[in-house]
Amino acid sequence: MENFHIDGSTYIPRIDFNAQTGVLELEGESYHEYTTEFFGPIFSWLEDYLEAPGKEITLNFKMSYFNTSSSRRFLEILTMLEDYQNDKEGKVTVNWYYEENDVDMLESGEEYADDVELSFNLLPY
Amino acid sequence: MEHFSVKTFKQQLSARKISLAFQGIFSQDVLALIGKSLRNTPESRVIAKRLFAIVIEMAQNIHHYSAEKQYSEKDGRDIGVGIVAIAEDDDHYIITSGNCIIKTEVPPLIERANYINGLSPDKLKQFYREQRKAPQREGKPGANLGFIDMVRKSGNPIEINIKDYDETRSFFILSVKVNKEL
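So the sequences go chain by chain: Y and B.
Take 18 as the starting number for the first sequence in the numbering used here and just add one per residue.
Take 1248 as the starting number for the second sequence in the numbering used here and just add one per residue.
Please keep in mind that the hints were generated in silico from the structure rather than gathered at the bench.
Check the hints yourself; a few may be wrong.
Straight-line alpha carbon distances no greater than 35 Å define the calculated DSBU-like cross-link-like pairs of lysine-lysine that follow [to be verified]: (1) B:LYS1254 x B:LYS1424; (2) B:LYS1372 x Y:LYS105; (3) Y:LYS72 x B:LYS1372; (4) Y:LYS79 x B:LYS1387; (5) B:LYS1427 x Y:LYS79; (6) Y:LYS79 x B:LYS1380; (7) B:LYS1380 x Y:LYS105; (8) B:LYS1264 x B:LYS1321.
So here's chain Y without its partners, still in its complex pose (with noise of 0.2 Å):
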């Protein structure tokens, strides 16, 4: 499978999904206006990777700052990888990286902690 990759703007995020090595990441801003334009080729792309069950995914989650559209499909791509470990015996690991001292990003990633059933690692930089 083709691994994915998007390059990175002032509101796009630098997303690198690897097939291959089963990690994905996302780094960056995000505040297109139009995210469910923006982000319908990443859906495609994972739901066609997490077809094959047994993976273990690595998530690197580095953003530093994305608007209240973007945290909905950041929700719906972590509720993917959720149905992938309970359906398909996946096995996937969320590193959620902030910032020091940016206490919002760190409580962003304890809300989507509490919302999905994933391993979470809280990690500053």
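Since chain Y is already given, all that's left is putting chain B on it; use the hints.
Just chain B, lined up with the frame of chain Y:
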């Protein structure tokens, strides 16, 4: 007719300590530009990010929901027109947006704002998570989380003011105060 005086306008802006004011189409490029300028706010990084977050939510409300739209060549679609400004007093930044909305949309907006303003911080957090889990609203590109996020990020209630605009539209003014101290 009196001519528009840029000088008077500039004096008014500085008297009210308005550091940012934008009137026009809220395209993606404008958002990015506002974002960059806010990064230079001389406060802590967390406060600067909160200001930025609130301005982005307001700008996106205008982009999607303003009842006054203009066609943007670059974006290839009609985009909302409105105003966003940041002023300050000794203890707060005051972020304000203004845009037209259809008159019938006024009561539900006020009702939602009042409801959100009345929630304790814990309840507010719970409501945010509930609404984020709820399905995307049909035909609405927004997340339905903007007001909640503004109250959470600012720690203050949101204020709404409605002015008459024309037969079918009202002018919707939204203000949020952000404390300068964390």
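*Contradicted hints - numbers only*: none
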